[in-house]
Amino acid sequence: MAELNYVGKRIPRCDAQAKVTGRAVYINDRKRPGMLYGAILYSPHPHARIRHIDVSKARALPGVRAVITGEDIPDIPLGFMKDNRPLKKGKVRSVRDEVAAVAAIDPDIAAEALELIEVDYEPLPGVFTPEEALAPDAPLIHEVDPKGRPRKDNRLPLVWELKCGDLEEGKARSRYTIRERFSTTFVSHCCLGTSGVIAEFDLEHNLTMYSVTQIPFLAQNDYRAALEALGLKDRRVRVVCQTIGGGFGSKLDTHCYEFIAILLAFATGKPVKIQFSREEEFRAQPTRQPTLTEIAMGCDAEGRLTFREVRMLLDNGAYTSWGATTPSVMMVPISSLYRVPHVYYRAELAYTNNLYSQAFRGYGNPQATFAVESAMDLLAAEAGWDPVEFRLHNANQPNEVTPQKFHITSCGLKECIERVRDGLGWEEHQRRKATGDNRRGSKVRGMGLASLIHVGGGARVYRSDGHGMMMKLDDFGKLSVFTGAVEIGQGTISTLRQVVAECVGLRLEDVHIVFHDTDLCPWDVGTHASRQAFISCNAALACGRKLREKILERAAEQLGVPAEELELKESRIYPRSKPEESVPLAKVLRRAHFAPRGTILMAEAFYDPPNQMLDKELKGNLSCAWAFGCHGVEVEVDTETGQVRILNYQAAHDVGTALNPMFLEGQIYGAAVMGTGYALTEELVLKEGQILNGNFTDYKLLTAKDVVPVTPIIVETHDPAGPYGAKGIGEPGCVPSAPAIANAIYDAVGVRLRDLPMTPERLLKALREKEKQAA
Amino acid sequence: MLRYQYLRPSSLDQALEMKAAGGPQARFVAGGTDVHVLRRAGRLEFSALISLRRLPELKGVRAEGDTIRIGAGCTLSELLQEPLVRQELPILCDAVKVMGCTQMRNLATIGGNVMSAVSSGDTIPPLICLDARCVLVSAQGERRLPIDQFFTGPRQTAAREDELLLALELPRPAPNQGGACLKLGRRAALDLAVVNLAVMLERGEDGGIVRARAAAGAVGPTPLRLHRTEAVLTGGRPGPELWQAAARAALEETQPWDDVRASRWYRREMIKVLLPRVIETALERAEAKA
Amino acid sequence: MKETIHFVLNGLEVSAEVAPHHSLLTLLREQFDLYGAKEGCGVGECGACTVIVDGLAVNACLLPALEVDGARVETIEGLAAPDGTLHPIQQAFVDLGAIQCGFCTPGMVMSAKALLDHNPSPSEEEIRTAIEGNLCRCTGYHQIVEAIKHAARNLQGTE
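Protein chains in written order, with the working numbering: chain R, 1 to 775; chain W, 1001 to 1290; chain D, 2001 to 2159.
Excised from the complex, chain R in its bound form (with noise of 0.2 Å):
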């Protein structure tokens, strides 16, 4: 690649003086002129009807100045299938169900007022695991279906399958097999910033929401959608975003929280904050997609795969949100990781009196990973191979179609394997395994790898995976840029910034980027799918060309020098041959301008990536480029207590182009610590319904003396898509964490652990169980 200026630097972040000194305004922290604080009562039933709801009291209590419950709004149906409401009326089918919202001057009186709100319950029995679920006499959880029409059972019509090539013949082919089970549990995002909204309306009743969501514009739609059946048609819904405290998926969907908001603004006429506890945030914010998974894999004799077959129960909980879409996700690395010709896959959904899932980083892929790399280290085992060269051995290559009909154009990740194996010192530890030295009294040293496909160039998961860019230039050199993407930690608006400085030739601190608000800035489907870098740095590219040609037209006009002979470099503009020659962007620019028939410069884009929805066989090229890596980890089990300490984490990423190493280290730091957590000590305890943890006490995300010595790898395979290369990297980085971890306890202690999170006491109790079975 030709010499760059920004591309490829560690540039620190255009927000990071903001952040440190304490100025980044977030939701908790906004407020509007005349503010109400809103307040949302839950159930504490999991299951129950309600009889009568009295709010009489808390309406009269001084400085109160709403008080709604489900018979007092309109029916606006939330959730991908339309399930959900705001609040809930006639029953409540979850503890985290909203029963009745507050307004007030101050969140003092609010809180008081939830609790002078009277609620008459009449438990009913509830159902807790998809199983009880599906069993012939299990209580209805919804006994109508969104249309209206009587449910028969708690099965969700929604059943995802997969077949490609034909599994019947992979069987055949097969002269291995290994059949396993897998489990994975409830986990919570944790954002530091908990989830909150303002909702204003202005005089016309048109909506203002200040807001951490993720999906401004999908988000105006729900909103709109809400105003409409408060009787406000064709009014306009403004987003403006604040900075958001952490993100990871759980700002994907439009919450009940955010409508209620909406509700009470409309109520009172003023403007209303909701701002969740932490307590709440734990309760009210959806978890990731828990998993119940059967897996059989085979291989032939001389150690291909032939096929992959997975079958899942998943949990819905008690409403549907994109937890029971992630099969679309988990999907992926069952097709696509490494190459296996057959395949199938079922997904089942059944309702439960549970929390429900939602969209959380990776949506769907550590789950699937988890089985599928577990699945891996098994099946090597049958057949006589080494972790390390099965893998190899079937690892996808570039240019290639997968089963899915992925096609896969970069790829590294058999370098991300040979390095993680290298940066694990993967042979010497087989050495020493062999003569008994990974052995100490009573603590024991293993090994264990996983790798992982997944969606790298956008992902076509709604009618559009576009992107919309404007670009304009004042008088003195500056450029803004209109860009409908969302910052939520991960750095990409500071990256685009990079891009766009590169691409258009200024200096970097000529450019700024507008991206908080719908007023001003173009549509894009979303800050997820790790698609942000590639789409909105793709669309700078495609709008900054554009702009590029104006200006260096107007230079030639002005210079008397063609447009091909001229440069425009850190915001200077001269003719190749004589560089001498320079003149400050910001000169043409005003000459321009200040002319008879002037002009201004400006541009835009719209970049919609050339991907493709799933056909109907669920099949299709969801992404412009696909990401792969592979985790390493060398750990220490204490054998009597069960305790695992983490000596080695290697993280090797084809991330396709580094556009700033110091970030995508980050990331990858980042989601090896989350993937660490969710192995090994993460979970949102729920029993009978009933969160037993839900507070950070006792739901345990690692500190800073939890230390996992990670080592990013980054590989570079500039994929030809991919804004100089580029591909996605922000939930790569947490999907192999748990297989390799179980991978590496295997390897130490010969127990293969199936149910995340691996805590010490599961570990030492199959480690009992072992030891008796040997005896």
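Where hints are given, some of them may not hold.
As the list claims (entries may be wrong) - Taking lysine-lysine pairs in the DSSO-like style, the calculated list, with each CA pair at most 27 Å apart, reads:
hint	chain 1	residue 1	chain 2	residue 2
1	R	K9	D	K2149
2	R	K57	R	K91
3	R	K770	W	K1272
4	D	K2149	W	K1097
5	W	K1097	R	K705
6	D	K2002	R	K31
7	R	K550	R	K587
8	R	K414	R	K433
9	R	K443	W	K1059
10	R	K765	W	K1059
Just so you know, these hints were derived from the structure itself, not from any lab.
Given chain R, work out where chains W and D should sit, using these hints.
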């Protein structure tokens, strides 16, 4: 939303007067790292809080002859910096080092940890092993209670309603005594114990154990002194057999339960596994001093 | 019943009327418009509200506002120089990629400052102990630890 008075006495006498005036609904508070969490959760109500933060009478760690006196108002951070504590009470340092986090240790006091009387209170097993006495004071005067008899139930102590904990007094450990404490948690900071084990041993000239103290936390309704375990260890020949016997005794006299942090089964297994480790460390420390 | 307290806030003598149940966090945010310290959990389990009181890092959500009467309080807003020059710890966070969503950042920086004010050459273990009460969901802590090491060297003049 609890409304209450917040009183800030500047002397012990003033504090006791305020308590006498406020009655049972007035509550002493020091660091507040427990009280405010409970209040927020709606689990504690009071009409007034009497802050002990400024009372000089509650501060300081002093050696008075053969006794070490630890002011109940010493914060956990202060304890870790006290030379007397670092040099002579490593068993207590073991426990304090891994409590909460730096910010919490800057506020929380040893007195508060003792008076919270939770089974997993980290300072308590070491204090039991150190034969600490609770020095309680009220308008009626002072009295002392051995700490191993101080806890009467979950979050319940033998202190009278009008008493505050003034100090902890303990005999200065002898040169041939060594102690160690181990906290098993689920992560390396901000953690409540799954099991707390503390052991203090006095080593005889022939290397045998002439005296033992053992205590456990989070394995019963209160922190427990392990009398039977001590009996097994006293006079015993150090070695794996003795450690197993001690562990068996500890299992007999503890009653762990299932909760969200761990199961009864796991806690029992950890007593078996970890008690020998704590004993060995205590013995090493006793030997090192000799 | 409100009481008036007097204390030093980021080097300035100030006073405020506070209610008994107000935490220092509420006081800073609501009365002084200092939003840097955040409520991440309200129970001292996340460190997002960390400020320095009389030289010690504390969770402002747990400390009653009345307790800072007569004390010296430092918040993130007091770190940069009046002309905007960042404190070396802040600059290190910026330069080494230690900030992502930024919600934990003010608390993290204040914990680091409290450490370096007392221990100018901390080991990595001491750094991690100083920030063990500051949860971060974005960074995995690595770049934060490196930034604090870097700031320590800078402050010592060895960079």
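Broken hints, by number: 9 and 10
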